[in-house]
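From first to last, the protein sequence lines are chains A and B.
Here the first sequence stands for residues 162 to 271, where the numbers follow the numbering used here.
Here the second sequence stands for residues 6 to 119, where the numbers follow the numbering used here.
Hint data in this document are derived by calculation from the structure and do not stem from the laboratory.
Glycine included, each C-beta is placed from N, C-alpha and C at the ideal position.
Any given hint could turn out to be false.
As the list claims (entries may be wrong) - Below, a sample of chain A positions facing chain B; criterion: calculated Cβ distance under 10 Å:
id	residue
1	193
2	197
3	203
4	204
5	206
6	207
7	210
8	211
9	212
10	213
11	214
12	251
13	260
14	264
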Amino acid sequence: AQSVTQLGSHVSVSEGALVLLRCNYSSSVPPYLFWYVQYPNQGLQLLLKYTSAATLVKGINGFEAEFKKSETSFHLTKPSAHMSDAAEYFCAVSESNAAFGKGITLSVRP
Amino acid sequence: DVKVTQSSRYLVKRTGEKVFLECVQDMDHENMFWYRQDPGLGLRLIYFSYDVKMKEKGDIPEGYSVSREKKERFSLILESASTNQTSMYLCASSLHGRGPYEQYFGPGTRLTVT
Numbered sequence: 162a163q164s165v166t167q168l169g170s171h172v173s174v175s176e177g178a179l180v181l182l183r184c185n186y187s188s189s190v191p192p193y194l195f196w197y198v199q200y201p202n203q204g205l206q207l208l209l210k211y212t213s214a215a216t217l218v219k220g221i222n223g224f225e226a227e228f229k230k231s232e233t234s235f236h237l238t239k240p241s242a243h244m245s246d247a248a249e250y251f252c253a254v255s256e257s258n259a260a261f262g263k264g265i266t267l268s269v270r271p
Numbered sequence: 006d007v008k009v010t011q012s013s014r015y016l017v018k019r020t021g022e023k024v025f026l027e028c029v030q031d032m033d034h035e036n037m038f039w040y041r042q043d044p045g046l047g048l049r050l051i052y053f054s055y056d057v058k059m060k061e062k063g064d065i066p067e068g069y070s071v072s073r074e075k076k077e078r079f080s081l082i083l084e085s086a087s088t089n090q091t092s093m094y095l096c097a098s099s100l101h102g103r104g105p106y107e108q109y110f111g112p113g114t115r116l117t118v119t
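Produce the complete structure using the sequences and hints provided.
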């Protein structure tokens with residue numbers, strides 16, 4: 162069975178600091194992995210996805226994620242946080258239908 | 006751009022009412038999904054459909070039903086609304102179920118049942 166784990170529910174960083182949001186997955190087949198972002202009062206939108214073409218995946222708004230099979234991880238990073246990055250972030254794995262993590266709220270301090 | 010629209014952004018209903026949430030997508034996607042989103046619980050799949058007139062239960066189907074008469078439209082029905090169904094409801098669509106096919110989400114309907 163597929164699942165993802167996002168540890169913690171809230172991350173707070175200063176503007177300009179590194180953003181690191183963690184995601185670990187479980188899947189019985191080679192996974193397809195996704196990160197989505199949800200801004201307040203909106204639906205989710207795709208940030209990036211891993212489809213086995215490259216282990217380092219670049220997405221929109223300067224985000225990237227690295228697939229590490231040995232660690233069953235797909236952590237999301239951004240070198241320098243911006244105030245507009247404040248949102249909720251969801252990791253998802255797709256074996257059959259997608260399974261979503263519980264989400265992490267990112268706050269950015271001025 | 007794919008567009009997924011939901012019939013209402015905010016809805017207030019009374020306990021026992023029958024509630025219809027409508028979702029329409031304009032990209033000829035095969036799969037459509039209904040989720041509910043609650044704080045601390047993330048997204049939980051209620052029902053999904055991989056073809057017209059086809060439906061499958063998700064993780065939390067109790068108290069809900071769905072209808073898909075046309076490919077572009079997927080409706081969620083609360084037969085008799087209860088206060089524990091107060092939540093944010095998100096509709097999504099994707100080209101296919103399995104594989105590198107991301108889901109496209111509507112803006113959500115925040116339902117309050119009083």
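Here is what the structure says about each hint:
{"no.": "1", "hint": "193", "result": "5 Å, holds"}
{"no.": "2", "hint": "197", "result": "8 Å, holds"}
{"no.": "3", "hint": "203", "result": "6 Å, holds"}
{"no.": "4", "hint": "204", "result": "3 Å, holds"}
{"no.": "5", "hint": "206", "result": "7 Å, holds"}
{"no.": "6", "hint": "207", "result": "5 Å, holds"}
{"no.": "7", "hint": "210", "result": "6 Å, holds"}
{"no.": "8", "hint": "211", "result": "8 Å, holds"}
{"no.": "9", "hint": "212", "result": "4 Å, holds"}
{"no.": "10", "hint": "213", "result": "8 Å, holds"}
{"no.": "11", "hint": "214", "result": "9 Å, holds"}
{"no.": "12", "hint": "251", "result": "7 Å, holds"}
{"no.": "13", "hint": "260", "result": "8 Å, holds"}
{"no.": "14", "hint": "264", "result": "5 Å, holds"}
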